[in-house]
Amino acid sequence: MPKRIDPVLDCPLDEVPDAEALIQAAMRWHFSAETGTPYWLERAKSLDFDPIGDVRTFADLALFPNIVNELRTVPAEELIPNGLPERSELFGVFESGGTTGAPKRVVCMVDWMRRWLAFDNRNMDAWGLPRGLNWMTMVPSGPHMASARPREQVRSRGGILFTIDMDPRWVKKCIVEGRPEDAERYLDHLLKQAEFLLKTQNIGILTISPPLLERLARSDLLVDLVNEKVRMIVWQGAHMGADTRHILRTEVFPEVKLRGFYGSTMVLGGAFERMDLTDDDRCVFDPFSPYISYSVIDPETGAAVEYGERGQVVMHHVSKGQLLPNNLERDTAIRVKPLPGQLGDSVADVQPVASFHGKPVIEGVY
Numbered sequence: 066m067p068k069r070i071d072p073v074l075d076c077p078l079d080e081v082p083d084a085e086a087l088i089q090a091a092m093r094w095h096f097s098a099e100t101g102t103p104y105w106l107e108r109a110k111s112l113d114f115d116p117i118g119d120v121r122t123f124a125d126l127a128l129f130p131n132i133v134n135e136l137r138t139v140p141a142e143e144l145i146p147n148g149l150p151e152r153s154e155l156f157g158v159f160e161s162g163g164t165t166g167a168p169k170r171v172v173c174m175v176d177w178m179r180r181w182l183a184f185d186n187r188n189m190d191a192w193g194l195p196r197g198l199n200w201m202t203m204v205p206s207g208p209h210m211a212s213a214r215p216r217e218q219v220r221s222r223g224g225i226l227f228t229i230d231m232d233p234r235w236v237k238k239c240i241v242e243g244r245p246e247d248a249e250r251y252l253d254h255l256l257k258q259a260e261f262l263l264k265t266q267n268i269g270i271l272t273i274s275p276p277l278l279e280r281l282a283r284s285d286l287l288v289d290l291v292n293e294k295v296r297m298i299v300w301q302g303a304h305m306g307a308d309t310r311h312i313l314r315t316e317v318f319p320e321v322k323l324r325g326f327y328g329s330t331m332v333l334g335g336a337f338e339r340m341d342l343t344d345d346d347r348c349v350f351d352p353f354s355p356y357i358s359y360s361v362i363d364p365e366t367g368a369a370v371e372y373g374e375r376g377q378v379v380m381h382h383v384s385k386g387q388l389l390p391n392n393l394e395r396d397t398a399i400r401v402k403p404l405p406g407q408l409g410d411s412v413a414d415v416q417p418v419a420s421f422h423g424k425p426v427i428e429g430v431y
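If you want our numbering, it's the 1-based position in the sequence shown plus 65.
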């Protein structure tokens with residue numbers, strides 16, 4: 066039988082809980098013997114603070130060490146809270162892209178996916194995107210959340226999903242080993258899959274990474290097919306420069322809405338591009354607060370940079386299903402003032418760092 070759940074952790078999908086109430090309820094949930102997450106119950110023994118007593122506010126999340134590297138080896142069962150039925154509440158186990166070493170692994174619970182889809186649909190509706198459109202996703206397949214989430218998104222919006230096979234780790238391996246010609250051949254392979262679908266199916270939404278979108282834009286045939294059929298392009302998975310974004314919006318796909326999404330497996334979601342930006346504005350991303358929140362810091366001091374300055378992104382995820390606080394990401398960004406009521410920072414002009422934990426950061430195809 067499921068244990069009693071604090072109403073703050075189980076609020077209706079269309080409600081946004083008080084941020085501090087959510088954080089405090091999550092500490093009680095993940096660190097209590099009856100409902101706690103096995104990984105965190107064991108990890109708490111080595112912490113020099115009491116999560117239930119000391120973590121009360123957003124700023125207190127910085128007390129936690131960055132534990133994501135430990136997620137490369139932690140058994141998935143240990144990441145499921147004891148308060149949830151292990152099998153019936155599990156949506157999936159997902160891996161990071163392996164950009165900085167062996168993949169990290171997280172679990173996603175059904176409750177979180179429902180909550181994320183409600184947030185996702187609110188954004189899609191606000192963008193004026195009709196329901197019932199078919200999607201084509203050019204995102205990593207296999208163990209990646211980027212391919213699992215769209216299946217639920219499309220089902221909830223009434224369309225049909227078309228996918229391609231993509232292994233981003235293979236492209237990164239080719240680049241690291243000095244085989245750029247093989248990486249180029251793989252890009253051709255991905256775009257050939259897209260061409261067949263665009264020619265034969267009614268595609269209303271295209272989800273794609275910036276490297277693939279830029280490569281697609283070199284083909285007159287593919288550009289014509291996208292402009293003929295697609296209503297919206299959602300780009301995600303790698304950074305896009307402001308100049309490239311402007312050209313794609315105004316010259317290559319002038320009649321297609323172009324929207325960005327900044328996501329991370331390590332927070333089981335991410336941030337949508339802010340509404341009402343002009344073609345000349347920075348691309349600003351606002352996270353799904355208070356469940357997902359960002360800080361933009363000076364990595365040398367850990368202090369927040371000033372608004373308008375560039376720093377490294379720290380991400381937090383706090384929910385009933387997972388606790389993933391204080392994750393120093395491999396990205397830098399401009400710190401932007403958040404929307405009213407939002408926890409933490411918004412970010413703009415996201416870029417990868419050159420190296421992370423002593424390893425070069427290679428985005429590759431995603």
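Certain hints may be false.
[Unchecked claim] Pairs of lysine-lysine, DSBU-like flavour, derived with a Cα cap of 30 angstroms:
id : residue 1 : residue 2
1  : Lys257    : Lys238
2  : Lys402    : Lys294
3  : Lys238    : Lys322
4  : Lys294    : Lys264
5  : Lys294    : Lys257
Hints are computed from structural coordinates only; laboratory data are not their basis. Quick caveat, the model's predicted, so the values are computed rather than measured.
Results of checking the hints against the structure:
Simply put, lysine 257 and lysine 238 have alpha-carbon atoms about 21 angstroms apart, close enough for the 30 angstroms limit, and the pair holds. For a cut-off of 30 angstroms, the pair hint linking lysine 402 to lysine 294 is broken: about 36 angstroms separates their Cα positions. At roughly 33 angstroms between alpha-carbon atoms, lysine 238 and lysine 322 are farther apart than 30 angstroms, so this suggested pair is violated. Under the criterion of a C-alpha separation no larger than 30 angstroms, the hint pairing lysine 294 with lysine 264 is consistent with the structure, at around 10 angstroms.
Our distance criterion of 30 angstroms between C-alpha atoms is met by lysine 294 and lysine 257, whose separation comes to about 17 angstroms.
Comparing the model with each earlier hint shows violations of hints 2 and 3; every other hint is respected.
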